[in-house]
Amino acid sequence: MDEWPKISDIANRVQSGELKPIDLVKKSIGIIDQKAEYRAVISSMEERAMHRATEIENRIGRGGNIGRLAGVPFIAKDNFLTLGGETTAASNILRGFRAPYQATVIERLEAEGAICIAKSNLDAFAHGSSTENSDWFTTKNPHDKSRVPGGSSGGSAAAVILNMVPFALGTDTGGSIRLPASFVGAVGVKPTYGLVSRSGVVAMASSTDVVGPLTTNVEDASLILDIIAGKDSMDSTTIEREESYLNTGDGLRGKRVGIISEYLNDGLDSGVRSVIDKAIDKIKSAGATISRVSLPNLPLSLASYYIICPAEVSSNLSRYDGQRFGYSHRDSNDLAESYELSREKGFGAEAKRRIMIGTYVLSSGYYDAYYKKAQLVRTKIINEFSEVFKNQDLLIGPTSPTVAFKIGDRVKDPLKMYLADMMTVGANMSGNPAMSIPAGNSNGLPVGLQLIGPMRGDRQMLAAAQSFEGLE
Amino acid sequence: MSRLSRDDVLKLARLSRLKLSDDEVERFQSELSNILDYVETLQSVETDNLEPTSQVTGLTNVMRKDELIDYQASTDALLENAPEIQDHQIKVKRILG
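Note that the protein sequences, when read in sequence, are chains A and B.
Numbers in the working numbering are just positions in the first sequence, counted from 1, shifted up by 631.
Numbers in the working numbering are just positions in the second sequence, counted from 1, shifted up by 180.
By construction, these hints were calculated from the structure, which means they are not laboratory data.
Please read all numbers here as calculations on a predicted model, not as lab measurements.
In this text, a Cβ means the ideal position worked out from N, Cα and C, and glycines have one as well.
Hints are not guaranteed to be accurate.
As the list claims (entries may be wrong) - Here chain A is said to cover these stretches of chain B; the calculated rule only asks that three of the stretch's residues, wherever they fall, bring their Cβ under 8 Å from a Cβ of chain A:
#, segment
1, 186–200
2, 208–215
3, 224–235
4, 238–250
5, 258–272
To be verified - What follows is a list of derived Cβ distance ranges for each label pair:
#, chain 1, residue 1, chain 2, residue 2, range
6, A, Ser-875, B, Lys-271, 28 to 38 Å
7, A, Arg-679, B, Glu-247, 46 to 56 Å
8, B, Glu-247, A, Asp-908, 56 to 66 Å
Bound conformation, chain A alone:
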């Protein structure tokens, strides 16, 4: 069987000597090769992985205690800096880039004995909802090869469902962990903003970027969050963590669960609606108090996001100038032309769109009307979340208005692609923790239930998710 046991089980069996880290690495690489047609992976880190596996095996042989992820293989989205391979963010401008240091989260996972096997595909610089904006190739949905896996962490989500690894890392700026989790039937967690370090992660929109796990079950996701969460001196936006993210007890009985009315409005696919309705019934019968809640300004999140995000993107992508690292156009008359040609050839269409929109909304004369206005609307959205959470422990709704769409369906209309994030961006604008968990199928394609927790309430959100997962 290809399926992996629970992560804690793998680590225990590695520690006891029953499983060999090298065999786990080989198994993982074997499945990656066997499922290559889905194009989930950009590059392999086999050499470094084998080296680490040998090292861990030797330490166990000497009686060493490895950690909670002893020998557990994982895949990182290709916007995490890793040693022993390339980091490209699926962008031409970073082709061949070899990171001189690793992301804090990679270090934390390795410190517990995890082994990074490969880097997964994404929309270039995480700009997109389908992986079709990748400068390399499009990842295919494990349930239907003619459909997208969602994005931007589509490679990581697909890799987990294809059993390549027990867990993968993603980033979520507007829904990039939750949307693909929903489209492939994975568990995907976007922690509270600031809970996980972004040091060594290719920056997209710094006021909403977060790092989180993709897994096949909630227990594994909680364990990974428990290992990566917490302050980091290399990322000054990190916040204090809760003591533990591991679940204890019932997360639904006696809890107040609000259904977000705005997410059940028109535009919601009827097949998705019926899966969500059934999920709500199950949560009710598990002993939660269900009510309808309204956040009237929540639908404005998307327009607000598509001002704030490009503004921050235009700033973060200014570092790619073709002079210090990345693609460099050498045949130019002067420095200015070298910048312009390096960026013109190095960036794909979506990066260019966002850079130019960002430049527009930040430029003098438009700043107040666009950027500042979006930040004011953001305040309104935050206030609505705070108000609603005075009387609720958890909010729920669909993760996406539709199931996975067909490859090619939206890529020609950028605005239509943006609409895929309609139900996920709200939690990015406010910073609240949110996650997607499989709730059922519509015409054979997975539907995700979205859970949104109060600020810094990641643990109670995960506990509720784990209780939901156990319901028949």
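Mind docking chain B on chain A? Use the hints.
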């Protein structure tokens, strides 16, 4: 009528340090205009007496001691990614005339 003129797009491209092809100028003129029309919906939202939000967890001015830390990245590893180096330094086009 598009919100953005051809000249607007060329100006944005210049500010963004992008040398767009003619096809791209035409394509972006319509695509960027559509996106701006969409985000325009915010203009009618009432936002009196609110403060703009740029940071959601309330952190301000996070300070650290001004001291050297032992970090993983070596100068050599950093220079390996540079397109052109000379005498252990990154070489760029002439800046002064």
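Consistency of the hints with the structure:
1. 186–200: Three-residue rule met by the segment 186–200 of chain B, so holds; n is 9.
2. 208–215: holds (count 5)
3. 224–235: It holds, with 8 qualifying residues against the three required.
4. 238–250: Since three or more residues must qualify, the claim that chain A covers the segment 238–250 of chain B holds, with 4 doing so at under 8 Å.
5. 258–272: The restraint on the segment 258–272 of chain B holds, since 8 of its residues have a Cβ under 8 Å from chain A and three suffice.
6. A:Ser-875 x B:Lys-271: 28 to 38 Å: Hint violated: Cβ distance 51 Å, outside 28 to 38 Å.
7. A:Arg-679 x B:Glu-247: 46 to 56 Å: Violated - the Cβ-Cβ distance for Arg-679 of chain A and Glu-247 of chain B, about 31 Å, lies outside 46 to 56 Å.
8. B:Glu-247 x A:Asp-908: 56 to 66 Å: Given range 56 to 66 Å: holds, Cβ gap about 58 Å.
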